[in-house]
Amino acid sequence: MNYVLDFTPVIDGLPDLLAGCLGTFLLALGGMLLAIIIGIGGVVLRDSRFPACRWAVKAFVELIRNTPFLVQIFFIYFALPLAGLRLDPTPTAIIALGINGGAYAIEIIRGGVQSISKGQIEAGLALGLHRALVFRLIVLKPALRAVFPSLASQFVMLTLTTSVASAISAYELTSVAQRIESETFRSFEVFGTITLMYLVISWMMMAFFSLISARYFSYPVK
Amino acid sequence: MNLGEFLFLLSGLKWTVALSAIAFVFGCAGGLAIALMRTSGIVPLERATAGYIALFQGTPLLMQLFVVYYGLALLGLHLNAWVAVSLGFTLHASAYLGEIWRGAIQAVPRGQTEASSALSLKYVSRMKDVVLPQALRISLPATIGFLVQLIKGTSLASIVGFTELARAGNMVSNQIFKPLLVFGVVGILYFLMCWPLSLYGAHLERRLAAAER
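First to last, the sequence lines map onto chains P and Y.
Going by the UniProt record's numbering, 87 is the number at position 87 of the first sequence; the sequence numbering is gapless.
Going by the UniProt record's numbering, 102 is the number at position 102 of the second sequence; the sequence numbering is gapless.
Chain Y with its partners taken away, still in its complex shape (with noise of 0.2 Å):
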């Protein structure tokens, strides 16, 4: 494998970041608007998002790629495939990450919402200054986990014809026979990227039980 063809594969990483970075803001976006109507008390927003979060954490992330990306070409949408892509990850973030959260804002003691009904504090400052700043500090370990599970999950982008990372590695194993060397050279730059993310991830985790306790 010669510089050029290393080259590549960074030109690989550098759509691999831009995708997991496009699916995480945009699913965090997503994701807390779905924990939000998943916690809501409203019966028919809290079972259409509970029926959400089960279709795409009972489906295959491929398939949900797939369903996305050809179901928009039937829509009369010719979008590039890197719309298509991205917005099949962000709703596949979205479903994760509001399962997430909801798990999270369940978890703030129910006194914290009761003493800010009682100082008549209304839905929105309820929420954006009492319960997700303590519901986002439980989160912040599985959201990191999920952080991890979205770059690698990116990387079936390939499968559907997007170039990043895992693509990149195919199209120069093809040119240069040397599988396993640049699928090694691959999955060590996986690494490089989801190694320091689970450690803080773990780090904060420790943190968290030690708060606890």
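Okay, chain P solo, but in the shape it has when bound (with noise of 0.2 Å):
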């Protein structure tokens, strides 16, 4: 055992694993805006009156819960096509991280939901508020309060599943990673310190929903 660390092609290459970054984060934070849009859509449809609704919703959230990311990524890379949707690869990585943190989402906001009393429902179109605001002010808020913990926690889990993407060659960390890894050989110390950036990037993560939380959740209940 005589191998030296050798961090040369790290440091040269810091301005692009930067770069790569930056595409994590784009990939993070587009996945997070489907993700929310799929679960607040979805917690709707789930509580429709037409059953058809519900049961599709519910089988959605249970195939992508039980199935890897990774085989619905290449699904839909495949998928998207088909449909007529000649996407790079990085906004089909995106759709397909929002796809399947949607389906997380929802189950996650539908216990908020259900944790909203009927009567406070009741108070509320008693007062003469329209549907959609008693759904939007008195439903959705205090229940995105009520999960906000769990929600974070499985962004932060999105954004470390976004390393994934580099299956399909989406721009982001690892794939940039990858590609300086063939170039040098130095796969030790190119993936040793992009893992550090993970570690650094679901830090920084977790201080921006904390900062949400403190923004947006922290008005007094009682």
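These aren't lab readings, by the way, just hints derived from the structure by calculation.
Hints are supplied without guarantee of correctness; some may be wrong.
Some residues of chain P that are not near chain Y, with every Cβ distance over 12 Å (derived) [as the list claims (entries may be wrong)]: (1) A19; (2) G30; (3) I36; (4) Q72; (5) R86; (6) L127; (7) R145; (8) V156; (9) E181.
Between beta-carbon pairs, the in silico distance windows are [claimed, not checked]: (10) Y:I176 x P:F208: 43 to 53 Å; (11) Y:R206 x P:D16: 45 to 55 Å; (12) P:S182 x Y:R207: 46 to 56 Å.
Predicted model only: the values in this text are computed from it and were never measured.
For each residue, glycine too, the CB sits at the ideal point set by N, CA and C.
Put the two chains together into one complex; each comes in its own frame, and the hints tell you how they fit.
As structure tokens, this is what we get:
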């Protein structure tokens, strides 16, 4: 064992790696935004009057939560062109991340919505508020507040999952690292360094979420 | 997709099951050790295991596999892909199971520990006969949830070059040019493994919630 660690490729590639970090943030933020939209939409559809809607949402959630993200991203990558959507790998990865995160978000947000007592909603309607306003102010906001910690940790997980998007060569940190590694063969140095970068990225995400929590969900309840 | 190709997928499935089983069994052993150290009351041990857990929960599984895979080669250990990948998943599972069980051990009422001390039970007996059986019951839904996550996670071994279900799917798909069909079938195979476990976990969770009321 006389291997000498050599971090020159990492130092030379630092600008590329930092740009890759930016790509990872972009994927994560895009995925989260889509996941929130799917999550809220899914919760609304899951409580709809039409059994077909409810059933479809349940099937979607179970299907996504019980198959690997890698298989999902490959499937979506090959399915989108058939549906007439020719997208680059990066937008494709955002869609896949959003769909995956959305299924988890539906389950999490639903838990919060169920914790809202019926009397609150009836009180809102009795005050003459529009149904949409009742949903937004009386159901959704307190529900999101109640489940925010689980939602945040799910989204940190989503951020880490972006590394799998390198399998379809989307632009993010792991694919940049793989390129540098294949040019320099300094596998351990490159992957060791970006592992630490991911650690910092997930800490930044956590800080971001506690900021959001402090800004939007810190009003007194009683 | 003919029968031969489907059988090839099934042989990949076999490796997925084997890898998940190895990672889960060794991960349980490692996770128990981590959880006990994390709740031991000995500050250096608690700090070290907390750091270990934070490291593995804050980095992508794919990177953990890469680092273990190339790190072992660096140490001059030229192990085959099997051992390297199993070790990577075992370390990953130890961290997550350790955190789940730490929570469960701390959720067992304090009075239980105090009562066993009052009965002058030693640490081993207190843990083995009093705390851990109760903690196991509390942690079972989350443990099964993690097992599902682990089975899905083994698909990442394909990126390191280990031939399991996802990689078998990739190979067949490159051969017959029907990616949707192949990945659809692969997805269904994963679903058939994970869904029953998820349902069982949800069932246990409901039962536990009912017992607590």
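The hints, checked one at a time:
1. A19: holds (18 Å)
2. G30: At about 17 Å from chain Y, G30 (chain P) clears the 12 Å cut-off, so the statement holds.
3. I36: holds (22 Å)
4. Q72: violated (7 Å)
5. R86: holds (15 Å)
6. L127: holds (33 Å)
7. R145: holds (22 Å)
8. V156: violated (8 Å)
9. E181: Its Cβ does come within 12 Å of chain Y, the nearest being 9 Å, so this is violated.
10. Y:I176 x P:F208: 43 to 53 Å: About 44 Å separates the Cβ atoms of I176 (chain Y) and F208 (chain P), which means 43 to 53 Å holds.
11. Y:R206 x P:D16: 45 to 55 Å: With a Cβ separation near 50 Å, R206 (chain Y) and D16 (chain P) satisfy 45 to 55 Å, so the hint holds.
12. P:S182 x Y:R207: 46 to 56 Å: The hint (46 to 56 Å, Cβ to Cβ) holds, given that S182 (chain P) and R207 (chain Y) are roughly 51 Å apart.
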